[in-house]
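Protein chains in written order, with the numbering used here: chain A, 1 to 411; chain B, 1 to 422.
One or more hints might be untrue.
List of simulated lysine-lysine pairs, BS3-like, C-alpha gap at most 27 Å [said to hold, decoys possible]:
| # | chain 1 | residue 1 | chain 2 | residue 2 |
| --- | --- | --- | --- | --- |
| 1 | A | LYS271 | B | LYS110 |
| 2 | A | LYS281 | B | LYS141 |
| 3 | A | LYS278 | B | LYS141 |
| 4 | A | LYS271 | B | LYS11 |
| 5 | A | LYS142 | B | LYS247 |
| 6 | B | LYS114 | A | LYS281 |
| 7 | A | LYS319 | B | LYS247 |
| 8 | A | LYS114 | B | LYS141 |
| 9 | A | LYS160 | B | LYS150 |
| 10 | A | LYS271 | B | LYS114 |
| 11 | A | LYS386 | B | LYS150 |
| 12 | B | LYS338 | A | LYS281 |
| 13 | B | LYS114 | A | LYS386 |
| 14 | A | LYS114 | B | LYS338 |
| 15 | B | LYS175 | A | LYS281 |
| 16 | B | LYS110 | A | LYS3 |
| 17 | B | LYS295 | A | LYS160 |
| 18 | A | LYS410 | B | LYS422 |
| 19 | A | LYS174 | B | LYS188 |
| 20 | A | LYS410 | B | LYS403 |
| 21 | B | LYS338 | A | LYS271 |
| 22 | B | LYS150 | A | LYS142 |
| 23 | B | LYS175 | A | LYS410 |
| 24 | B | LYS110 | A | LYS410 |
| 25 | B | LYS422 | A | LYS160 |
| 26 | B | LYS422 | A | LYS281 |
| 27 | A | LYS281 | B | LYS110 |
| 28 | B | LYS247 | A | LYS271 |
| 29 | A | LYS386 | A | LYS149 |
| 30 | B | LYS11 | A | LYS205 |
| 31 | B | LYS295 | A | LYS271 |
| 32 | A | LYS410 | B | LYS338 |
| 33 | B | LYS189 | A | LYS271 |
| 34 | A | LYS278 | B | LYS75 |
Don't read these hints as lab results, they were simulated from the structure. If you're wondering where the values come from, they're calculated on a predicted model, not measured in any experiment.
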Amino acid sequence: MIKFEKFSLKNGLTVIVHEDHSTPLVAMNILYKVGARDEDPSQTGFAHLFEHLMFGGSVNIPSYDEPLQLAGGENNAFTNNDITNYYLTIPSQNLETGFWLESDRMLSLAFTEKSLEVQRSVVVEEFKQRYLNQPYGDVWLKLRPLAYKVHPYRWATIGKELSHIENASLGDVKSFFKKWYAPNNAILSIAGNCTLERARELAVKWFEPIPAADVPARHLPQEPVQNEKRTEEVFEDVPHSHLYMVWHCCARHEHEFFATDLLSDILSRGKSSRLYQKLVKQRPVFTEVSAYMLGDLDKSLLYVEGKLVNGVSMEEAEKALLEELERVKSDIDDRELGKVRHKAESSLEFSEMGIANKALHLAYFEMLGDAGLCNLQSSSYNSVTKEDIMRVATDVLRDENCSILRYHAKS
Amino acid sequence: MLNRHTAPDIKTAADLNVQEPEIRQTRAGVPVYILRSGTQEVLKTELVFAAGNMAAPVPLLATATNDLLDEGTAKYSSAELAEALDYFGAYLESESGADWSSVTLFTLSKFSQKTLPFLMELVCAPAFPEQEIRTYRQQGKQRLAVNLTKVDFLARRKFIQALFGEAHPYGRIIKPEDYDQLSTEALKKYHQSGYLNGLRAVFIAGQASEESISAILKAIDESGLQSGSLPAAERIFPETSKQFSEKTDALQSAIRIGRRLFTRHHPDYFKFSVLNTILGGYFGSRLMSNIREDKGYTYGIGSGLVSQDQEGYFFISTEVGAEVREAAIHEIYLELKKLREELVSPQELRLVKNYLTGAFQRSIDGPFALADKHKMLCLNNLNTSYLKEYLAAIEQVSAAEIKDCANLYFQEGDLTEIVVGK
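If we strip away everything but chain A, and leave its shape as in the complex, we get (with noise of 0.2 Å):
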């Protein structure tokens, strides 16, 4: 249970606060409603690049990073599909630097060639770094795009390919912040050694001033309805072979990303879970086996991997792996159902340790509707049956709506 105020700013700008004086620190958290879906298909990896830019110093302070170090701050953030989100946590009693440095580079960015030049790079090693340097690290490369052929989740985050990112303009740059980076497409919270009536007084005096701006209404391509089976063969120089299959799957606001979710933990949630206990242990077809949904904002996915036992053909570990998918939309006992909902509780306790992930909780769930749902997850997973996780097994683990991506060992 998360207590939290909640108001806004003249500009548009949604600001929750949370107090919690139990500690000498505050967590101030920055979600902007844009991410790799909100990409020109020519220009993905945009969203991502731009999180970089955001730390090359912004209209009024040269630099983001040092000041706040100096006031013993620290930040970060990542970019999904759905959202880029900022995050920092400061000693309380040097708050207002965190609201200083926020707001600025809210206002505008300094734009440089030499900080876009550099970014450009740093993001071309990070391509390299995680994606293709990495044994089967180029999956969601080839994955997004079997599953998604209209929908910009075809792309991932860091984008479809390296000349998208070296490509990049300036011009291409200032114009995305415009488009996105405004009060009106953002929230703010704030959780820690902070009052509501402080949070107010720097929000009013920091973020007020900036321009609301006409944030675009978004139009994205719907992804059609999949009607058979895609299959794809990949044949690389890896140890030993993996299989991956998606299937699509409801969207994070829509009711039964509940159960949803239990099926994914029904399947491969902890040592006891399904897949791992028949297909690794009983009869071991798997050296690892997971499962989990993505939870995007727009219609999504449900995922397997399992890593292949060397002598094991990717014919047979495929049946195998059906077989118990198969299992699950007409056989789960209450026990089992007991088993995920406990599971579900303790990940969302266990979730909310520290004020920062408490910030990013309170501001991701404002942003699906309204903050408190935040405190409404655990009773939504317990009113899921037995009978909605069969059903959505049964809708959702079709044929005709997977896409299979057999990733073959070369030797």
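Given chain A, put chain B in place with the hints provided.
Only chain B this time, still in chain A's reference frame:
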């Protein structure tokens, strides 16, 4: 009109309070640290054993013993244990390091007494069934095969090996054939000495009722777990070296540069911590500013000091584009040279001191972080006054002392350099 050019005033925290643990003792004389705090209804119980690599006679044995604790016991099969803990939403984390091994149970506070018996069972009576060892072998060999294709993993293990030598437990690396040596008998033997007779300390953190704490203490007393400490080892180490291993298909090269260095107890430890932070210990560090933020050669670069029981080490680590490998290495040595020859500016020193103070506050925020801090103190035979000394020493260190420290410890001839890639 709002002045956005001038930074708001900054204050350094006057006094940092560290919550003291309540310390009790088991019947065998093992300290039990209790930290009751936090907003979440959760509880963490960690048992630390003198059962890391240091006490093990051969590579992999310590890690495998730790990994296989929950794969079947006298009373329960591996599947039954997993089911019992999963049912209550609890989970285990086991960790095996150079010196220590630990087993941690994370549970909802309300289920702490339901899950506790399973924790005690797997710690005290693991069976290490042959069938489970077979699965573990297969998983481990496959994971190792994947890791051996990664330049970063290869560089890390070559570095450790070069620093400490394979004869010393700190320099051991795991090879595929080590998995073939694992047997029920060998694991049971190591469990007997390292776990049943090796309990070093217990840490309980989170929201804990007096009842649940008593239950934990009682369970430990009844288990008969005996106290244990680390053995000493011969300290014969290799000379420094420079090694390049080619991996022809690599897009990036992994670089590790560093040396053996002292432990936390050395008089220069605090000064060196500040020096290391300036060099590569935070986002604004010299290495990050130059090699990432100015040159764009890498996604990340950093340095660190690892303090182990007998001997620590210092490392610089990065992965850079294969085509800029030599340029990046050149810049790394240049940054070390600058620290040896030039005084750090008052502004930079102030910034790093403030950053470290803030980082310290973050490092004790929340019950689990706080427990980890007290664990570090306990395992190094220190108490909370050490933290006050640390903060005071950081505040006092001068630019001249930083330079002296760099001259003492950053001489190029003393550094080992490992590069894997192209």
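Each hint tested on the structure:
no. : hint                  : in the structure
1   : LYS271(A) - LYS110(B) : holds, 22 Å
2   : LYS281(A) - LYS141(B) : holds, 16 Å
3   : LYS278(A) - LYS141(B) : holds, 21 Å
4   : LYS271(A) - LYS11(B)  : violated, 49 Å
5   : LYS142(A) - LYS247(B) : holds, 25 Å
6   : LYS114(B) - LYS281(A) : holds, 26 Å
7   : LYS319(A) - LYS247(B) : violated, 37 Å
8   : LYS114(A) - LYS141(B) : violated, 46 Å
9   : LYS160(A) - LYS150(B) : holds, 23 Å
10  : LYS271(A) - LYS114(B) : holds, 18 Å
11  : LYS386(A) - LYS150(B) : violated, 43 Å
12  : LYS338(B) - LYS281(A) : violated, 56 Å
13  : LYS114(B) - LYS386(A) : holds, 25 Å
14  : LYS114(A) - LYS338(B) : holds, 24 Å
15  : LYS175(B) - LYS281(A) : holds, 24 Å
16  : LYS110(B) - LYS3(A)   : holds, 21 Å
17  : LYS295(B) - LYS160(A) : holds, 24 Å
18  : LYS410(A) - LYS422(B) : holds, 22 Å
19  : LYS174(A) - LYS188(B) : violated, 64 Å
20  : LYS410(A) - LYS403(B) : violated, 53 Å
21  : LYS338(B) - LYS271(A) : violated, 52 Å
22  : LYS150(B) - LYS142(A) : holds, 21 Å
23  : LYS175(B) - LYS410(A) : holds, 23 Å
24  : LYS110(B) - LYS410(A) : violated, 51 Å
25  : LYS422(B) - LYS160(A) : holds, 25 Å
26  : LYS422(B) - LYS281(A) : violated, 40 Å
27  : LYS281(A) - LYS110(B) : violated, 31 Å
28  : LYS247(B) - LYS271(A) : violated, 36 Å
29  : LYS386(A) - LYS149(A) : violated, 33 Å
30  : LYS11(B) - LYS205(A)  : holds, 20 Å
31  : LYS295(B) - LYS271(A) : violated, 45 Å
32  : LYS410(A) - LYS338(B) : violated, 48 Å
33  : LYS189(B) - LYS271(A) : holds, 26 Å
34  : LYS278(A) - LYS75(B)  : holds, 22 Å
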